[in-house]
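Residue numbers (our numbering), protein chains in the order written: chain A, 1 to 163; chain B, 1 to 164.
Careful: at least some of the hints might be erroneous.
To be verified - Cut-off 30 Å, straight-line C-alpha distance, at most; resulting in silico cross-link-like pairs (DSS-like, lysine-lysine): (1) A:Lys138 x A:Lys43; (2) A:Lys140 x A:Lys43; (3) A:Lys43 x B:Lys27; (4) A:Lys140 x B:Lys35.
It should be emphasised that the hints constitute simulated quantities derived from the structure, not laboratory data.
Spelled out, the chains give:
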Amino acid sequence: MTTALRLLADQQQAQDVAQNVFLRAYTHFEMLSQSASAGGWLKTVTRNECLNHLTRHRKRWRLFSDYPQTEHGGPELPVEAVLDQTWLDGMDDARREAHVERALAALPQAFRVPLVLFYFEDLAYAEIAQQLQCSLAKVKTDIHRGRLLLAQQLGPKARELYT
Amino acid sequence: MMTQHDHGDAQLIARVERVLRAQPLQKAPPDLIEKVYQQLALNAVRPWWQRSYATWPAATRAVFVLTSLTAARIVYWVLSSPHGYEAPLRVMTQLSARLWWDGVSRGLGRGQVLLHALCAALPTAWWYVGAAVLMGSYIVCVGCGALVYRSMVRSTVTYEGCLL
Numbered sequence: 001m002t003t004a005l006r007l008l009a010d011q012q013q014a015q016d017v018a019q020n021v022f023l024r025a026y027t028h029f030e031m032l033s034q035s036a037s038a039g040g041w042l043k044t045v046t047r048n049e050c051l052n053h054l055t056r057h058r059k060r061w062r063l064f065s066d067y068p069q070t071e072h073g074g075p076e077l078p079v080e081a082v083l084d085q086t087w088l089d090g091m092d093d094a095r096r097e098a099h100v101e102r103a104l105a106a107l108p109q110a111f112r113v114p115l116v117l118f119y120f121e122d123l124a125y126a127e128i129a130q131q132l133q134c135s136l137a138k139v140k141t142d143i144h145r146g147r148l149l150l151a152q153q154l155g156p157k158a159r160e161l162y163t
Numbered sequence: 001m002m003t004q005h006d007h008g009d010a011q012l013i014a015r016v017e018r019v020l021r022a023q024p025l026q027k028a029p030p031d032l033i034e035k036v037y038q039q040l041a042l043n044a045v046r047p048w049w050q051r052s053y054a055t056w057p058a059a060t061r062a063v064f065v066l067t068s069l070t071a072a073r074i075v076y077w078v079l080s081s082p083h084g085y086e087a088p089l090r091v092m093t094q095l096s097a098r099l100w101w102d103g104v105s106r107g108l109g110r111g112q113v114l115l116h117a118l119c120a121a122l123p124t125a126w127w128y129v130g131a132a133v134l135m136g137s138y139i140v141c142v143g144c145g146a147l148v149y150r151s152m153v154r155s156t157v158t159y160e161g162c163l164l
């Protein structure tokens, strides 16, 4: 569920994917019940389902989409400006965790997905490039920009909007 | 030698890594497992024709395969013969005559004559041009629809981008 939520950034879609994954696990129950890697199987299937869902959604709405074709929502601050900000200071654990999840969900899909695959699915750059069917250079660029934009989200200006 | 920019990047990577690695797993909604059980129960009572081919009864699968092969053979026969479209019409005309469907039989007979005359009168190239025109019109309609939607129907656009 965590994997689906972070990749899709949508509660309902994540629930649908999780439900489909459990239904598939049921049909493979005999194999999984005797396998030590059942958890890994579930995670891998969830990841693939989410990526397929994102690809289908992107292809379906490319022609009629309401979303502009820009990659992100606005100009990026330089690294130094982002690092100068205080992140998550003075927040208790629950609020901090919720704020980070919100910031992650607010990232554009193009940056959020490789970031999640790198930090939470522990995939290498090459594996991410293979999964997303793009070049290694693009993955590195997207992850770097994702870090920058996430850092902006975690800064005090963004935090004010949620407090 | 590490430049200030590289040092900044390294710090950024370290800080983001620290924040993200500290995130715990999220709990699934409490009704998720119930929904899964409900769906399993619904799947269990579905009739065979709503399930995958692999779960069909053996006899049904055999009939399906035979019917598909027969249909494919008929299609090949129609397409490969010089006036392939006439053969099915002839068969249907004869069949309806045997079943005393006089009206249907006469209609099909006239249709056969008309179709034969039309195909004889029109050059083959016209059929291909006609198909190309139809396909082009369809693509233009879809493209125009998309253009109209994006330019006129779409109002304020918000994209869940970054907050500044």
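For each hint, the structure was consulted:
1. Restraint check for Lys138 of chain A and Lys43 of chain A: the C-alpha separation of about 24 Å stays at or below 30 Å, so the hint holds.
2. Straight-line distance between C-alpha atoms of Lys140 of chain A and Lys43 of chain A comes to about 23 Å, which keeps the hinted pair within the 30 Å bound.
3. A C-alpha spacing of about 15 Å is found between Lys43 of chain A and Lys27 of chain B, which places the hinted pair at or below 30 Å, so the restraint holds.
4. For the hint linking Lys140 of chain A to Lys35 of chain B, the alpha-carbon distance of about 39 Å lies beyond 30 Å, and the restraint is violated.
Violation of the numbered hints given earlier is confined to hint 4; every other hint is satisfied by the structure.
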